[in-house]
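If you read the sequences in order, they're chains D and E. Position one of the first sequence corresponds to residue 1 (this note's numbering), numbered consecutively onward. Position one of the second sequence corresponds to residue 1 (this note's numbering), numbered consecutively onward.
If you are wondering where the hints come from, they were derived from the structure by calculation, not from laboratory data. Keep in mind it's a predicted model, so treat the numbers as computed, not measured. Check before you lean on any hint, since a few could be wrong.
Stated by the list, open to error - Between beta-carbon pairs, the in silico distance windows are:
#: 1; chain 1: D; residue 1: V19; chain 2: E; residue 2: E24; range: 24 to 32 Å
#: 2; chain 1: D; residue 1: A73; chain 2: E; residue 2: V263; range: 25 to 33 Å
#: 3; chain 1: D; residue 1: D32; chain 2: E; residue 2: A67; range: 50 to 58 Å
#: 4; chain 1: D; residue 1: E49; chain 2: E; residue 2: M246; range: 32 to 40 Å
#: 5; chain 1: E; residue 1: Q65; chain 2: D; residue 2: S70; range: 51 to 59 Å
#: 6; chain 1: D; residue 1: Q64; chain 2: E; residue 2: V120; range: 39 to 47 Å
#: 7; chain 1: E; residue 1: G124; chain 2: D; residue 2: D32; range: 44 to 52 Å
#: 8; chain 1: D; residue 1: A73; chain 2: E; residue 2: D381; range: 26 to 34 Å
#: 9; chain 1: E; residue 1: E360; chain 2: D; residue 2: E15; range: 38 to 46 Å
#: 10; chain 1: D; residue 1: G81; chain 2: E; residue 2: R47; range: 52 to 60 Å
#: 11; chain 1: E; residue 1: E202; chain 2: D; residue 2: D27; range: 26 to 34 Å
What the hints assert, rightly or not - Among the chain D residues that face chain E by a calculated CB cut under 8 Å, a handful are:
#: 12; residue: S37
#: 13; residue: L38
#: 14; residue: V41
#: 15; residue: N58
#: 16; residue: N60
#: 17; residue: D61
Unchecked claim - Using 30 Å as the maximum straight-line C-alpha spacing, the simulated DSSO-like pairs for lysine-lysine come out as follows:
#: 18; chain 1: E; residue 1: K199; chain 2: D; residue 2: K8
#: 19; chain 1: E; residue 1: K209; chain 2: D; residue 2: K87
#: 20; chain 1: E; residue 1: K379; chain 2: E; residue 2: K401
#: 21; chain 1: E; residue 1: K303; chain 2: E; residue 2: K379
#: 22; chain 1: E; residue 1: K267; chain 2: E; residue 2: K303
#: 23; chain 1: D; residue 1: K8; chain 2: D; residue 2: K87
#: 24; chain 1: E; residue 1: K303; chain 2: E; residue 2: K401
#: 25; chain 1: E; residue 1: K401; chain 2: E; residue 2: K267
#: 26; chain 1: E; residue 1: K199; chain 2: D; residue 2: K87
For every residue, glycine included, the Cβ atom is placed at its ideal position computed from N, Cα and C.
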Amino acid sequence: MDEAIREKVVRIIAEQAVVEPSDVSMDQTLEDLGIDSLGLVESIFAIEEEFDIQVPFNANDPSQSDFDISSVAAIVTAVEGLVADRKAG
Amino acid sequence: MRRVVITGAGTINALGHSVPATLEAMREGRCGIGPLDFRDVERLSVRIGGQVTDYDPEAEFNRQQIALYDRFTQFTLLAAREAIAQSGLDFHGDLAARAGVVLGTAGGGVQTWDENYRAVYEEGKNRVHPFVVPKLMNNAACSHVSMEYNLKGPSFTVATACASSNHAMGQAFAMVRSGMTPVMVTGGSESMLCFGGVKAWEGLRVMSKDACRPFSLGRSGMVQGEGAGIFVFEDYEHARARGAEMLAEVVGFAMTSDAADIVMPSKQGAARAIAGAMKDAGVSRDAVGYINAHGTGTAANDKTECAAVADVFGPHADALMISSTKSMHGHLIGGTGAVELLACIMALRDGVIAPTIGYEEPDPECALDVVPNEAREAKVDVVLSNAFAFGGLNAVLALRKI
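Build the full structure now, drawing on both the sequences and the hints.
Structural data, given as structure tokens:
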């Protein structure tokens, strides 16, 4: 896992959840952290701005999106993939 | 209390430039949604919408008028022309002094905001046209209708996002019913299909990139439309005395607030508005044959709306029909309830129920008769029109055959 990406994603999620980054663990879900659908859309926006990427995500049915949001670790991995794609592109 | 009837209807939207053209498209289940065509569309990720096509403002209005009329005002005036002509009313003397205009719009002159922000921010201009403010204000359309037709009574514009038109028509209904005024011109209009308008909606991530498929499994969100719907609401005795044709009777209205969430709908809030409209109309739930749904095609709205209808109607929910014409004309935001009222009038007058097109597979969470893909002939006596806005503001109208 890319440490710099992990740190930035955790910071964004922690800010949405109104907790300290040190209180966010990789196996937590956004629900565990108390982030609702609006918070999720805001987090995705913040991630796009932070990494200059397009996150494929439709709030209508998050489970059908190509972007895995099932846990903090899954989000970090997905962001790593998108950042790598951007650099390759 | 007075009875209130509709004696005129007018529209322009993605399905047609008149009521007959729109109703024909609804009967045929035609889709008015297509590729968007405006400046910078290539910078959008959502590029479809229910745009009004084959429309040339210069064929309808002169240069001075266009300088003052944002597209939402133009649409309003065209729809008002058709509605008032059908009503046969001519406003002068006491009638002019008492008759007014109440309209709904969510964004008002969004195209004017967009064009002028572009001029000052992107193009670096330091001067804008002197009429920017009177062109973009939310009440511009209402004021121009009042000026055009000499309507000098109670007039204003309401903005409750996607419920604006229904709230406006609810006000017009209450005002005529109370005897405050014998005639109100009402309805709503919206035109935010421009770069900034669609970009703002993109941010919410509830917009579909392919089609609006309300209640269908695999639906991918809402699609925006534009246009206007305008009606003449008239005191029944006033209309009868002059031998006017009556399109339908408005019998009930209710509005509620969820007081819960700025975007997520509430089943209880929707159900209270639906039940309230029937109570206000004095009709039993078994009398309702058709509901024109809010039916945006988002996961959140459609399942919440179906659950609310199931709660209110109990076993009768399986007997009634409910369809979303947004699948054809898109979501006209503040103007949507007005265009959708046309489907209600068609159901009552012509016995034709407009379909929900683009329907692919049943969704177990929307297990109602949504009139999939094809219009249906059916005799109905009472219909409802639902509108549930962002901000949790709900407005439901009840109409009866006359």
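Hints and how they fare:
Our hint of 24 to 32 Å for V19 (chain D) and E24 (chain E) is violated, since their Cβ atoms are close to 57 Å apart. Range check, A73 (chain D) to V263 (chain E): Cβ separation about 28 Å, and the 25 to 33 Å hint holds. A hinted range of 50 to 58 Å for the beta carbons of D32 (chain D) and A67 (chain E) is consistent with their spacing of about 57 Å. For E49 (chain D) paired with M246 (chain E), a C-beta distance near 56 Å fails the hint of 32 to 40 Å.
Between Q65 (chain E) and S70 (chain D) the Cβ separation comes to about 56 Å, which falls inside the hinted range of 51 to 59 Å. A C-beta distance of roughly 41 Å is found between Q64 (chain D) and V120 (chain E), which places it inside the suggested range of 39 to 47 Å. The beta-carbon spacing between G124 (chain E) and D32 (chain D), approximately 48 Å, falls within the hinted interval of 44 to 52 Å. In this structure the hint that A73 (chain D) and D381 (chain E) lie 26 to 34 Å apart at CB is violated, the actual value being about 58 Å.
Between E360 (chain E) and E15 (chain D) the beta carbons are some 39 Å apart, a value that agrees with the proposed interval 38 to 46 Å. Between G81 (chain D) and R47 (chain E) the Cβ separation comes to about 25 Å, which falls outside the hinted range of 52 to 60 Å. Checked against the given bound of 26 to 34 Å, the beta carbons of E202 (chain E) and D27 (chain D), roughly 32 Å apart, stay inside it. For S37 (chain D), the shortest C-beta to C-beta distance to chain E is roughly 7 Å, which falls under 8 Å, so the interface hint holds.
Given hint, L38 (chain D) at the interface with chain E, holds; its Cβ is 6 Å from that chain's nearest Cβ, closer than 8 Å. Satisfaction of the interface hint for V41 (chain D) is found here, the shortest Cβ-Cβ separation to chain E being roughly 6 Å, below the 8 Å cut-off. Nearest Cβ of chain E to the Cβ of N58 (chain D): about 6 Å, under the 8 Å cut. The hint holds. Restraint check, N60 (chain D) versus chain E: the minimum CB separation of about 4 Å is within 8 Å; hint holds.
At a threshold of 8 Å, the smallest CB-CB gap from D61 (chain D) to chain E is about 5 Å, leaving the interface hint in force. With a C-alpha separation of about 26 Å, the suggested pair K199 (chain E) and K8 (chain D) falls inside the 30 Å cut-off, and the hint holds. For the suggested pair K209 (chain E) and K87 (chain D), the alpha carbons sit about 26 Å apart, so the restraint of at most 30 Å is met. At most 30 Å may separate the alpha-carbon atoms for a hinted pair to count; K379 (chain E) and K401 (chain E) meet this at roughly 10 Å.
About 27 Å separates the Cα atoms of K303 (chain E) and K379 (chain E), which keeps this hinted pair within 30 Å; it holds. Straight-line distance between C-alpha atoms of K267 (chain E) and K303 (chain E) comes to about 9 Å, which keeps the hinted pair within the 30 Å bound. For the suggested pair K8 (chain D) and K87 (chain D), the alpha carbons sit about 18 Å apart, so the restraint of at most 30 Å is met. For the suggested pair K303 (chain E) and K401 (chain E), the alpha carbons sit about 29 Å apart, so the restraint of at most 30 Å is met.
Between K401 (chain E) and K267 (chain E), the direct Cα distance comes to roughly 28 Å. Compliance with the 30 Å bound is thereby established for this hinted pair. For the given pair, K199 (chain E) sits about 26 Å from K87 (chain D) by alpha-carbon distance, which is consistent with the 30 Å threshold.
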